[in-house]
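Q: Chain residues, written in single-letter form:
Protein chains: 2
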Amino acid sequence: MFIKQIARVVGVFALLSAMCAHAQFAKPEDAIKYRKAAMTIMNTHFARIAAMAQGKIPFDAKVAQDNEEVFATVSKLPWSAFGEGTDKGDTKAKAEIWSDQAKFKAAQDKLLAESLKLNAAVKTGKLDDLNVAFKGVGAACKGCHDGFKDK
Amino acid sequence: MFIKQIARVVGVFALLSAMCAHAQFAKPEDAIKYRKAAMTIMNTHFARIAAMAQGKIPFDAKVAQDNEEVFATVSKLPWSAFGEGTDKGDTKAKAEIWSDQAKFKAAQDKLLAESLKLNAAVKTGKLDDLNVAFKGVGAACKGCHDGFKDK
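Listed in order, the protein sequences are those of chains E and Z. Heads up: the first sequence is residues 128 to 278, going by the numbering used here. Heads up: the second sequence is residues 128 to 278, going by the numbering used here.
I should point out that these hints are in silico values taken from the structure, not numbers from a laboratory. Don't take each hint at face value.
Copies of the same chain are indistinguishable here, so a pair counts whether it falls within one copy or spans any two.
What the hints assert, rightly or not - Mimicking DMTMM-like on lysine to aspartate or glutamate, the simulated pairs with C-alpha atoms at most 25 Å apart in a straight line are:
1) LYS154 to ASP217
2) LYS221 to ASP256
3) LYS269 to ASP214
4) LYS237 to ASP193
5) LYS244 to GLU196
6) LYS154 to GLU196
7) LYS244 to ASP193
8) LYS232 to ASP217
9) LYS183 to GLU156
10) LYS163 to ASP217
11) LYS154 to ASP256
12) LYS278 to ASP157
13) LYS232 to ASP214
14) LYS154 to ASP193
15) LYS189 to ASP277
16) LYS183 to GLU211
17) LYS278 to GLU156
18) LYS262 to ASP157
19) LYS189 to ASP255
20) LYS278 to ASP214
21) LYS219 to GLU156
22) LYS230 to ASP273
23) LYS163 to GLU196
24) LYS203 to ASP217
25) LYS154 to ASP214
26) LYS250 to GLU196
Chain E with its partners taken away, still in its complex shape (with noise of 0.2 Å):
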């Protein structure tokens, strides 16, 4: 009896959260525009990173932190904007993102972990820490394209 009621709290929350998480964007285009417009800047900060750990530019402490501060804030956006109903219309995200959620969260988490450690691969302002760190990322975002995005 008290563990149905548990389950009942926590389906009402999850319900709600998912209402929330929706009515972040008025429609679906808007949520798929959004995480579009996060993975845009994503990019190309990252790609600037990349440059720089592929000796393709300068190397300058500064300007990978500054590349690597939007990266951080960024790279946490477009999650929300998956939303029910977001799976059709100008994007090319895979059925698996809705049919798998665990393993597209997996996916995220990785990306999330791999950024903290470019974050403090940035600090210590020595390119060889960047080289290996920017390679983590490179490899999460590939990872999760490779699953989760049509080509």
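Once you've looked at the hints, dock chain Z against the given chain E.
A: Showing chain Z alone in chain E's frame:
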């Protein structure tokens, strides 16, 4: 003679600086896509703050702070993406951005100043403060769009 040398050095720095700004984007369309993405993120998070300030959704000081944090970071981004050659293409940017750069810069500075006030307002956790500050930011957005963005 000395003045001329200084002028020459300043000129070279200005040129290098402009070249670096341009070099941040491989193609003009990349810069346009990037600045529009930043505006999408800014608009989404500012709209949530505005909805709270206007009583359309319940006021939550923590949520206001989280949204302001994203807004503060991303509102610094679009301006580097209005370099030379980015006046044509898939953009509503007016020619005045390039013909009256001082005025465009002043409009950016106005936004950043109002954004700092918004930052101070969300930290007090008072709805009245938020209500004043969000109007300042909104006016800065509108002022810049009126002068520099086609309808």
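Q: It remains to establish, for every hint, whether it holds in the given structure.
A: So, going through the hints one by one against the coordinates:
Proximity of LYS154 and ASP217 under a CA criterion of 25 Å is satisfied in both settings, with 13 Å inside one chain copy and 23 Å between copies. Taking identical chains as interchangeable, the C-alpha atoms of LYS221 and ASP256 are never at most 25 Å apart, the minima being 34 Å within one chain and 43 Å between chains. For the homomeric pair LYS269 and ASP214, the shortest alpha-carbon distance inside one copy (20 Å) is at most 25 Å, but the shortest distance between copies (33 Å) is not. Proximity of LYS237 and ASP193 under a CA criterion of 25 Å is satisfied in both settings, with 22 Å inside one chain copy and 22 Å between copies.
Within a single copy, LYS244 and GLU196 get their C-alpha atoms as close as 13 Å, and across copies as close as 21 Å, so both meet the 25 Å cut-off. Proximity of LYS154 and GLU196 under a CA criterion of 25 Å is satisfied inter-copy only: 24 Å between copies versus 29 Å inside one chain copy. Taking the closest pair of Cα atoms, LYS244 and ASP193 come within 25 Å of each other both inside a single copy (15 Å) and across two copies (22 Å). In this homomeric assembly, LYS232 and ASP217 come within 25 Å of each other (Cα to Cα) only inside a single copy, at 22 Å, whereas the closest approach across copies is 34 Å.
With identical chains, the CA atoms of LYS183 and GLU156 are at most 25 Å apart between copies only, with a shortest distance of 21 Å across copies and 37 Å within one. Taking the shortest alpha-carbon separations for LYS163 and ASP217, both the intra-copy value of 10 Å and the inter-copy value of 17 Å come in at or below 25 Å. In this assembly of identical chains, the alpha carbons of LYS154 and ASP256 never lie at most 25 Å apart, being 42 Å within a copy and 30 Å across copies at closest. Within a single copy, LYS278 and ASP157 get their C-alpha atoms as close as 22 Å, and across copies as close as 19 Å, so both meet the 25 Å cut-off.
Taking identical chains as interchangeable, the C-alpha atoms of LYS232 and ASP214 lie at most 25 Å apart only when both belong to the same chain, with a minimum of 16 Å there against 40 Å between chains. Taking the closest pair of Cα atoms, LYS154 and ASP193 come within 25 Å of each other only across two copies (22 Å); inside a single copy the shortest separation is 33 Å, beyond that limit. Taking the shortest Cα distances, LYS189 and ASP277 never come within 25 Å of each other, neither inside one copy (35 Å) nor across copies (36 Å). Within a single copy, LYS183 and GLU211 get their C-alpha atoms only as close as 41 Å, which misses the 25 Å cut-off; across copies the closest is 23 Å, which meets it.
When the C-alpha separation of LYS278 and GLU156 is checked against a cutoff of 25 Å, the pair qualifies both within a copy, at 20 Å, and between copies, at 21 Å. Taking the shortest Cα distances, LYS262 and ASP157 sit within 25 Å of each other only across copies (23 Å), while inside one copy they are farther apart (32 Å). Taking the shortest alpha-carbon separations for LYS189 and ASP255, only the intra-copy value of 15 Å comes in at or below 25 Å, while the best inter-copy value is 38 Å. Proximity of LYS278 and ASP214 under a CA criterion of 25 Å is satisfied intra-copy only: 15 Å inside one chain copy versus 30 Å between copies.
Proximity of LYS219 to GLU156 under the C-alpha cut-off of 25 Å is found in both arrangements, the shortest distances being 13 Å within a copy and 20 Å between copies. Only within a single protomer do LYS230 and ASP273 lie at most 25 Å apart by alpha-carbon distance; the minimum there is 12 Å, versus 45 Å between protomers. With identical chains, the CA atoms of LYS163 and GLU196 are at most 25 Å apart both within one copy (19 Å) and between copies (20 Å). Taking the closest pair of Cα atoms, LYS203 and ASP217 come within 25 Å of each other only inside a single copy of the chain (22 Å); across copies the shortest separation is 28 Å, beyond that limit.
Taking identical chains as interchangeable, the C-alpha atoms of LYS154 and ASP214 lie at most 25 Å apart only when both belong to the same chain, with a minimum of 12 Å there against 30 Å between chains. With identical chains, the CA atoms of LYS250 and GLU196 are at most 25 Å apart both within one copy (11 Å) and between copies (21 Å).
When each numbered hint is compared with the structure, violations occur for hints 2, 11 and 15.
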